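Chains as they are written, first to last, in our numbering: chain H, 1 to 262; chain R, 1 to 270.
Keep in mind that the hints were calculated from the coordinates and are not lab data.
Source: prediction; values computed, not measured.
Note that beta-carbon positions come from the ideal geometry of N, C-alpha and C, so glycine has one too.
Some clues are possibly wrong.
[Stated by the list, open to error] These stretches of chain H come out as covered by chain R in the derived footprint (C-beta under 8 Å, 3 or more residues): (1) 43–50; (2) 165–179; (3) 186–199.
The lines below spell out each chain.
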Amino acid sequence: MQRYVRLYRAFAKNSILDSLEYRLSFTIWSVATVLFAVVYVLSVQFIFAHVQSVAGWRMEQMLVLAATVMIVDGIVESIFGENMNALSGLINRGELDFVLSKPVSSRFYVSTRRFDWDPLVQVVTGCAVLWYAIGMLAQPIEWHSALLYVGLILCASLMAYSLWFMVVSVTFWAGRLNNVAHLYYNFIEIARVPTDVFRGSLRIGLMFVLPVAFIATVPSQALMGILSPVFALTAFAMTAAILILSHLFWRLALTKYSSASS
Amino acid sequence: MPKLLRKVRVLFLASWQDSLMYRAESLVWFVGDAVLPLVMIALWTAAYRTVERVGDYTVHDMVNYYVLFLVLSTLLTPHPEWNTSGLIRSGQFSKYLVRPFPYLLEQLTGEVAWRGVRVFFLAPMLLLFFLIFGQGLVGSFGLRWETAPILLLSAVFSFLLSYCLKATLGLLAFWVGQVDGIIEAYLVVMMFLAGSIIPLDLMPSAVERATEFLPFRYLYFFPVQLLQGRLDFLAALGGLAVQAAWLLAAFLLMRRVLAAGLRRYGAYGG
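Excised from the complex, chain H in its bound form (with noise of 0.2 Å):
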């Protein structure tokens, strides 16, 4: 464990030194974020002038939400984005050689070695948001829900890493499929609005097959005291579900590993 924790201060420091060669790349990132955040918001304010609520959802309510997600997503991107972008192309270009024959777990290796900074600042600008909105509300937030809250974001990080790292798993199948870690700004794009608006199965197939609901409706919720508690221990076994069966997925995916044509 202490090794491990050693690596990755390590792979962090490596990841700084480089990401300082290119300080105009951060400026720029930064302020395509500050854009994407005042958009979000302008959009949820402009809908919110011709309707009182959406699905029970009021226009404070909504923009807890649009923070909780660019929380969610500045973690997930800024800690495993880059490496899952790389890794299809790892085990397409039979590079994954290079990380099983090295001394530590090939799924650690491969979803932590470049740590990226520019989304650091989505997590920033999801915070003022926040702030923005918390003050919006009727009711002040308690000290457990805050908590609560804490502990929901954390899952729903590693819920969307989780699922993330399974579906580029695929290309062990699907050969050239460059792409496929695309789908995950998709998955990132449902969890946009309160999983309520959707009906019937749809909405439950967001809650259990694909756990868009957990990302941020249900971290929320909890938040503003709204949550039954069923829904905070389901969202937690989830996570541990969800955590298992990816390194599961990853171990059988590696046996279809045909490495680089030698």
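Following the hints, position chain R against chain H.
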């Protein structure tokens, strides 16, 4: 001229085969373009449970709006920006400069071919929409016969305008090493001001008026309005004229930027 046409035909067929070969990738890109309109349909149908009308839109008009937007944005959005900036950054751009046809034409031909494959994804999806939403969806469709030719022209202009703007962004790689952030920022603002998230006429009137001075509304919003029959002949013609002017301006800008970029371009190796 026939010689150039023959070249274009060959380029087109090559890209067409590429896009069929990589149809799984093509499907992933298609899904990526389709998700936002679908999510917005879900959001609005939920919102309409408490209100009858939003601005000039009934719930059917709204669903119809996003379905049309989905069709247009998936068929009429070329993506020359990533490829162009990537080629410049890696120096492979040189390879294209010595070919016997202009790079920008070759890229454009490829983009047309890649859009074509999407018809196979769109058709079943539209059928599904029809099964879910039925007559209401068709009812909001109101293309007038006199604006039909204008619609066709505006669709072609939209594709070309999008192409020129995005190719110009890609060409910025001559000056800036990492253009990805600039491209992302552009896409976010462009999609918002083109009406992808909410119809422009539902935005506050000051914002909507501001979009009339920008090219983005002519990419999708204008053709969607034609398809919904919201513009009479004169308004349609006026819109088309403005769109054509933007296209010309974007085309000239793209040419200028390419020429200026080539003067700076230094490639390594081969």
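Annotated coverage of the region 43–50 of chain H by chain R, confirmed only when three residues or more have a Cβ within 8 Å: This one holds; 5 residues, not fewer than the three required, reach chain R with a Cβ under 8 Å.
Given coverage of the region 165–179 of chain H by chain R, checked by CB-CB distance under 8 Å (3 or more): holds (count 5)
Chain R over the region 186–199 of chain H, status - at least 3 residues with CB closer than 8 Å: Three-residue rule met by the region 186–199 of chain H, so holds; n is 8.
The structure agrees with every numbered hint stated previously.
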